[in-house]
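Q: Now for the letters of each chain:
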Amino acid sequence: MRSNHKWGKVYLAVVFVILYMPIVYLIYYSFNSGGTMHDFEGVTLDWYKEVLHDTRLWIIVLNTITIALLSSAISTILGVMGALAIYYVKSWRMKQILLMLNNVLIVSPDVIIGASFLILFTMIGIQLGFTSVLLSHIAFSVPIVVLMVLPKLQEMSSTLIDAARDLGANQWDVLTKVVLPYITPGIFAGFFMALTYSLDDFAVTFFVTGNGFSTLSVEIYSRARQGISLSINALSALLFLLTIALVIGYYFISQKSAVSGMGGRRR
Amino acid sequence: MEKEAIIRFERVTKIYDGQVVLDDISFDIERGKFYTLLGPSGCGKTTILRLIAGFTEPTEGTIYFHGKPVNHIPANKRQVNTVFQDYALFPHLNVFENVAFGLRIKKKKQAEIREKVMEALRFVNLEGYENRSVQEMSGGQRQRVAIARAIVNEPEVLLLDEPLSALDLKLRTEMQYELRELQRRLGITFIFVTHDQEEALAMSDQIFVLNKGKIQQSGTPKEIYDEPVNRFVADFIGESNILRGVMLKDYLVEFAGKRFMCVDKGFRPNEPVDVVIRPEDLQITTRAQGKLQVRVDSQLFRGVHYELCCYDEDGNEWLVHSTKKAEVGEEIGLYFDPEAIHVMRISEEDGEKIDEN
Ligand SMILES: Nc1ncnc2c1ncn2[C@@H]1O[C@H](COP(=O)(O)OP(=O)(O)O)[C@@H](O)[C@H]1O
Ligand SMILES: [Mg+2]
Chain B
2 MRSNHKWGKV
12 YLAVVFVILY
22 MPIVYLIYYS
32 FNSGGTMHDF
42 EGVTLDWYKE
52 VLHDTRLWII
62 VLNTITIALL
72 SSAISTILGV
82 MGALAIYYVK
92 SWRMKQILLM
102 LNNVLIVSPD
112 VIIGASFLIL
122 FTMIGIQLGF
132 TSVLLSHIAF
142 SVPIVVLMVL
152 PKLQEMSSTL
162 IDAARDLGAN
172 QWDVLTKVVL
182 PYITPGIFAG
192 FFMALTYSLD
202 DFAVTFFVTG
212 NGFSTLSVEI
222 YSRARQGISL
232 SINALSALLF
242 LLTIALVIGY
252 YFISQKSAVS
262 GMGGRRR
Chain H
193 MEKEAIIRFE
203 RVTKIYDGQV
213 VLDDISFDIE
223 RGKFYTLLGP
233 SGCGKTTILR
243 LIAGFTEPTE
253 GTIYFHGKPV
263 NHIPANKRQV
273 NTVFQDYALF
283 PHLNVFENVA
293 FGLRIKKKKQ
303 AEIREKVMEA
313 LRFVNLEGYE
323 NRSVQEMSGG
333 QRQRVAIARA
343 IVNEPEVLLL
353 DEPLSALDLK
363 LRTEMQYELR
373 ELQRRLGITF
383 IFVTHDQEEA
393 LAMSDQIFVL
403 NKGKIQQSGT
413 PKEIYDEPVN
423 RFVADFIGES
433 NILRGVMLKD
443 YLVEFAGKRF
453 MCVDKGFRPN
463 EPVDVVIRPE
473 DLQITTRAQG
483 KLQVRVDSQL
493 FRGVHYELCC
503 YDEDGNEWLV
513 HSTKKAEVGE
523 EIGLYFDPEA
533 IHVMRISEED
543 GEKIDEN
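Residue numbers (our numbering), protein chains in the order written: chain B, 2 to 268; chain H, 193 to 549.
Hints are computed from structural coordinates only; laboratory data are not their basis. Just so you know, even glycine gets a beta-carbon here, dropped at the ideal spot from N, CA and C. Please note that the accuracy of each hint is not assured.
One side only, chain H facing chain B, incomplete, derived with CB under 7 Å [claimed, not checked]:
hint, residue
1, Ala245
2, Phe247
3, Ala267
4, Asn268
5, Asn273
6, Thr274
7, Phe276
8, Asp278
9, Ala280
10, His284
11, Phe293
12, Ile297
Let the sequences and hints guide you as you build the complete structure.
A: Take a look at the structure:
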């Protein structure tokens, strides 16, 4: 029993080392003055300077963040509405069908989603660029939000709604004063999931972007193909830091809402 | 009808998925009384409350409030409030905001809300708890919050769905007193649901005994206890000796192979009947003096009395509550007054039950 425990820990450690090794390797060489990824000659911050002075890159960063925030905000609204619709549908069969359609969208490969959006946009004549990327990000985020919100709705006791109606609440009051506050943790979780999915999406964006519009992942990919420059390493290191910051931020927010949802004192 | 009824059920039937849950029920609810719906689990008590509150509509029949039909009036437009079985407090709101919910919906002024909520919390002895989260409260406290949340809206009728069933025995007895007292102070109508007959007897002005979607009997606790109308009520409302018998003529009934004087009349000659004698109405005496001769099969000490289980020569079981002790295996006599015999008509349903046995 005890030794099982120990081996489990060793196994976990090995897995984590393997998973994080490439990232650490990449970040390590972003400080290399030698300009290659095999001979470390000396420590330099030149690559970071290059990144900081690259205006095109900063526009792309801005694009990426704009797309991420917009698409996750819109898809949170749509996803909450979708989850409510699924929750309120009376027929069991209809509910299952809607859920299945939702889940299919989540598991289907990005390549297929990207390709089908490309076909759709060219067919209906939407210019590839900001709009097409935004629309497709919203499309793949909505099912994620639905999936995060629905369990909160389902765990809510239906007498809570009865109680609100009993106290004089109309449908709108029930929604805004009882249901939405109750599922708020799920809404936050959905928003952050959508945000991260949008930030690091490559495949779908790669298909539907065009006219010079680009996001970070696509940009890094095309630069990496052009030839090795350690500024890409520097950029990746910065992104990695940002991701960690986001994860920690999310952790604190969800901790706080969990506490206030489960017995934290409110003043 | 002497008094004006606040609520009236007229031939109300409720069918869920082809299952008849309430079967042609009619009754009146008057102002300012404590009513109890008593019956085993699944007999339709909650359904009656849900119909009154407006969460569901009758399949047939009409519900009246102050003489006006309200079948299609939604719950949020009715002057009743409910204390739910699971309390249904809003977990995202603190105690104050839970209680204030109804007043905020009605867009009352902040000062008025504050005053009324504090008063309601005082009523249920929860002063000083207004900033607590409801998750921090114990079962008994949550229940008080639920009551405060309902009464703060000054309903004409308060519906309580088994509010005490989740509490432990001591707290439960305490809350029985408190609820009864609360009803007196507020002067509004309470409709209280329980499956516990002692609770019903202790608290109510009027009891409706329900079984299988039908009202078996309605009356004061004393009427229900002393004069159950059928075997089900007699059995459900406390331990009883219930036997088949024959009403030979007025004031004369035959059961357990003997003829007895009684105080009941108005039956057909030789009509088959059910006979009830409460265990506390049987007294232990000698064989010679007893109206019945039985052998003591077992005996339990119950604190205030001994509970004896005896059998007569025909094999009928007799439950006796006595302050006197007997010996197991002893042959004793049982004495009772003619008033202790209660004769009941046999209902159709009971007839079926006998056939099954
Ligand atoms: N919404 C519903 N849908 C279907 N059947 C229901 C519903 N509510 C209650 N019932 C059925 O009605 C019967 C009576 O239920 P209820 O009124 O809750 O009983 P009680 O409160 O006396 O235990 C039960 O058999 C229950 O299964
Ligand atoms: Mg019930």
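Q: Next, verify each hint and record whether it holds.
A: Results of checking the hints against the structure:
1. Ala245: holds (6 Å)
2. Phe247: holds (5 Å)
3. Ala267: holds (4 Å)
4. Asn268: holds (5 Å)
5. Asn273: holds (6 Å)
6. Thr274: holds (5 Å)
7. Phe276: The hint holds - Phe276(H) has a Cβ within 7 Å of chain B, the shortest such distance being about 5 Å.
8. Asp278: Constraint on Asp278(H) satisfied, holds at 6 Å.
9. Ala280: Because about 4 Å separates Ala280(H) from the closest Cβ in chain B, which is inside the 7 Å limit, the hint holds.
10. His284: Result: holds, 4 Å to nearest chain B Cβ.
11. Phe293: Nearest chain B Cβ about 5 Å off; hint holds.
12. Ile297: holds (4 Å)
Violation of the numbered hints given earlier is absent; every hint is satisfied by the structure.
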